[in-house]
Every structure is written in C-alpha cells, then in structure tokens.
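The hints should help you fit chain B onto chain A, whose structure is shown.
Going down the list, the sequences are from chains A and B.
If you're matching positions, the first sequence starts at 0 in numbering that gives the first Met the number 0 and goes up one per residue.
If you're matching positions, the second sequence starts at 0 in numbering that gives the first Met the number 0 and goes up one per residue.
None of these hints come from the bench; they were simulated from the model.
Here the structure is a predicted model, which is why all the values come from computation and not from measurement.
Glycine included, every Cβ here is placed at the ideal spot set by N, Cα and C.
Keep in mind that the hints are not guaranteed to be accurate.
Beta-carbon label-pair distances, calculated as ranges [stated by the list, open to error]:
#, chain 1, residue 1, chain 2, residue 2, range
1, B, Ala35, A, Gly111, 26 to 32 Å
2, B, Tyr150, A, Val163, 54 to 60 Å
3, B, Ile10, A, Pro110, 28 to 34 Å
4, A, Phe143, B, Ala184, 55 to 61 Å
5, A, Gly122, B, Asp218, 56 to 62 Å
6, B, Ala9, A, Pro110, 28 to 34 Å
7, B, Arg214, A, Pro110, 52 to 58 Å
8, A, Thr121, B, Ala252, 32 to 38 Å
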Amino acid sequence: MIDFVWLTLIKATPVIYAALGGVLSERSGVINIGLEGMIAIGAFTGVCVSYATGNAQAGAAAGVLAGALLGALLGIAATRFRVEQIVAGTGINLIALGGAAYGLVVVFGQPGASKQVAALGTGGETAMVVAALVLAVLLHLFLFRTRGGLHVRACGENPRAAEVAGIDPLRVRLWATATGGAFAALGGVFLAMAELDLYSDGMSAGRGFIALAAVIFGRWNPLGATGAALFFGAFSALQYTLQRSGIPSELMQALPYVAALVALAGFAGRARAPAADGIPYVPVR
Amino acid sequence: MSATASRDAAIALAIVVVFGSVAMLVAGVSPLDGFAALLIGALGSSQEIAETLVATTSLLFPALGVTLAFRAGLFNIGAEGQLIAGGLVAGLLGERLAGPAIVAIPLLLAAGALGGGVWGALAGLLRARFAANEVIATLMLNIIAALLAGYLIGGHETTPLPPSSWLPALIPDTRLTIALLLALALAFVLRWVLRATVIGYELRAAGDAPETARRAGIDLAKTAFWTMAASGAFAGLGGATIVTGVLHRFNLALSPGYGFIAIAVALVGELDPLLVTVAAFVFGILQNGAIGMQAAANVPRDVVTAIEGAIILVLSGRRAFKR
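Next up, chain A with everything else stripped away, as it sits in the complex (with noise of 0.2 Å):
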C-alpha cells in the first residue's frame, strides 16, 4: 500500500508540475498547449548539461530555463502576435519533440536516447516529489491572497478592466507563460534526472496533455489541479500493480487517457474556464 502511494507521487509528479504550469498561464488568459514540448526540453536540456558539466543540479537550472525560454516564446506569440494560441502550442510542441530528437544525434552521435548522465539520485527524488506539492501551495496562496495573483486572474478574466485598473495584461500574460513553462519544465527534469539519468525520445509520453486535462479537473485551480494529477498518478502506478494480473499492456497504459477522457466528458459541462483564457488582448492604448 505503502508502495502503491509512493508510486502514485512519483507517476504524478511530472503531470502536478505541468498542470501547475498550465494553470498559471491559463489564468492569466494564454492556453498552453505547449506543456508536451516543455517536459520534453526541460528533460533534454537538463541531461544535455548535465552530460556537459558533469552537474547535475547546473542540468536541472540549465532545464527550467529552456522551458522558461520555450514559454516565453509562446508567451510573445500569444500577446505580441495574437496568435490563435492552440495552433501555436501545437507548433510548440513539434519544435522541441523535434528539436531534441536531432540534438541526440548531434550532442550524444546516437538516436533514440541519450547517455547516461550524472543525475539528481533518491534524494533529489523525494525533494521533487515534496517540492511539486509545496509549489502547489505556494501558487494556490499566490493566486489567491497575493495582490499579484489577483492581477493575474484579472488578466484572466477580464483584462480590459486590468488594464484601466493599471494593470499591463500582455506583459502579466508574458511572465505568466514564461513561469508556467519553468513549471512544466521542472516536471522534464524529474523524469530524465530523478526518476532516470537520461533523456529519451517520446519521454514525455503525453504528460503535458493529461496536465492539461488535470487544469480543466482541477477547475483551474493549484489544487485542484494537483489532485487531479494524483488521480492519473495513481491509474498510472495501477499499471504496474496489474501487471501480474495479464490484462495487456497497451490497455493498462491507455488507462490514465481514457479516464481523462471520461472525466472530461462527466465535468465539462460544470467547469468554467477564465473569461478570457485563450482570447488575444488588444490593449487600448
């Protein structure tokens, strides 16, 4: 039992650092669908400098960042471009799954995965584990009792009244992606320098787009959105509770997406998205 616990925090983790990510950004008006490719660059871009430096924890900053810069990218598109931004994430997404796919080859001279690398070991493990549960907390207090997390969710919500009030929404929306692709990002470095030491093709295996469902469960909200992603954690370590059982699989691992899909189908029609999540803001002046 103990295990099975155990299991479902590790299994949750990465999606409960995305889904915190998504959150962020939704609220305050930009939907990313970029999470995927923000796991996947985090993860090769931690294992890349780790490999490079021998550091592990210089690979992990070295992740964030990537994934910040990633965000940010999808940031100024959504606000400086006013891109449609669910055809963007998409762009997002291709960019780092491809981009990371051809450095393997030119970094470690091998396709399909990368080296061995020094990586973050149990101790880094368990401390991700805690932290992606204190970062929930940390911005569920942020976005609720802060004055800059009301900011945010007016940018959310209703970012011509922000504006009047003050309030630059575009460039609310611009940090606000930034940070959330830091957040999705750390759930890459979990992955490939925590629960592993290496970065391999297709890691992310979808996590970013179960953290985006865990947003819509979690009715945009830190921990919601958490427990959500523990939901899928645990139908995730399920899998390999299973196992033994001879159910294929395929069929376990398609587990965690079809009850996403289930519950979106149950809850959509109750929860209620940011006013203007996902709306291009032209500022008036």
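Relative to the frame of chain A, chain B by itself:
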C-alpha cells in the same frame, strides 16, 4: 494565388532556409551541401520523385481533414489518431479478406474512412453532447489510438495483405499508387463543398461567426459532430491508403507524425483545399528529402519536424484565424 497565401508561403520558405541552415551548421554540414542533399533526396530521380509523391499523398488526406475542421472553427489536433484508427481497421480487415480487387480495395478504403470517422466522431460527440473541449479530447484519442493499435496487432504488425487488396501502382515499380488521384479528387470535392453547397456554407458560418450562425438556425452541436466525423474520415482514408498502397500491412511505423505535420500543411495552404494540395507537395519534398539529407549529409532528419513546428508557430497568427 492570393497575396496572403503567397506571403505565407514566403514566410514558410524563409523558416525552412534559416532554421535548416542553422541546424546544418550545428551538425557540422555546409547548408549548401545539406540542402543539395535534401533536394536530390526528394527529386533527384524518378524513384525519389515517386517517393516524394507518396509522402505528399499521405499528408494530403489528413491535411484536407484538418482544413475542413479548422474552417468550421474546430481544432482537430487528432488527425494522427484518426489516421492510425483508419489504417488499423483497414489492416485488420485486410489480413482477413481475400477477394477480387474491385471489391476488396473499395471495401478496405471505406473501412478505413469509417474507422477514422468514428475516431473523429468520438471527439465530436464529446463536444456536441457534453460540451467537452475537442482539443484535449483529440489529444487523448491520439494516444489511445496508438496504444489500442499496439494491443490489437500484438505489438508488431498485421500479416501482409493479399496482392489483390493492394492499390494499383501509378508508376510501375514504385510505391506511388492511385491514392494520389483519389486525394487530388477529394481536394476538388472539398473545395466545391466549402464554396458551393449549403453544408459548406453552414460549416463556414459555424467557424467564422458561431453566434450569428446559431441565431440563423444552424445547429452548432450537430455541425460540430458531423464535421469532426468527416474530418476524421479524411485522415482515416489516408491511413487506409498507406496500408493498402504503401506498407501492404498495418504497423505503427505507418505515420511519422503525418497527422501533426498536416496542421502545418493546412496552414501554409491557407485552409484552401487547392493551395493545401500544393503545400502537401512542398512538405512531401521536405519529408522525403530529409531521408536523403540524413543519409548523404549526416544531418539528423528530425530537424525537419522542428522546422515544421516553427512554420506552425509563425503561421498561427495569420489571417486564417482572424475572426
């Protein structure tokens, strides 16, 4: 060609040249050599041109599906899963079916369209019936399709189809089949439907001005459902032509991401079926040329995926989405 479309094409070309050059330089290859290898790999012989047209065909089916959905204001990100579903149904039916070509081929193609259509309709149903976001639904269905296929084929591939179920070749001794003609015909049909029929008008109205369309009596839920089903059928038909025309079996190497690249194809083609067809040929050159570029110039072919992503990102702000 409209001014916007030619500007989009110029932007896309600039991205290919700039990003491609950087990627080649990083990999230690001169861009001149790299692009030469790419072009020779795509167009250097009749064999290579045929393979480029095979990639064009495989991209055009899902790209037409994406075009249809986007025109109706539906973000079908699920062409990949719909293509796999269509290919899977055609492959599973095809390995069990032995009959004259005149029966077998239309049956397998129809089965593929049905498979993809059902997969798209699932997302359409979730949206129409439960107001569930079609983006998340199609993203989930992509993953589920691949896992379900892996399970149903036992992790490897189906047994090969009997030659009577193979699509006839267009050029002997190549993998180019009449699927290309079918895709071209569909592009013309889709253009006609969008421009000159009531269904096409309602579909565009639902995409351009949903509130106005609703007030005018258009059933938005019903339109969403059938559009997703039709969009999925295009992709599924594409999957079936890969199974019956290219691989002669189903396996998961069926698509190197055609369903996602199709979004770039549809965008560069400004969501106009005929321009999308031209765009599919250009992306066919990229896809097939990348193989030659990797072999001859040692530039990892995956860079093409990243370039296609950059094209999607840059064009996501273009006119097609300005309501």
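Contradicted hints - numbers only: none
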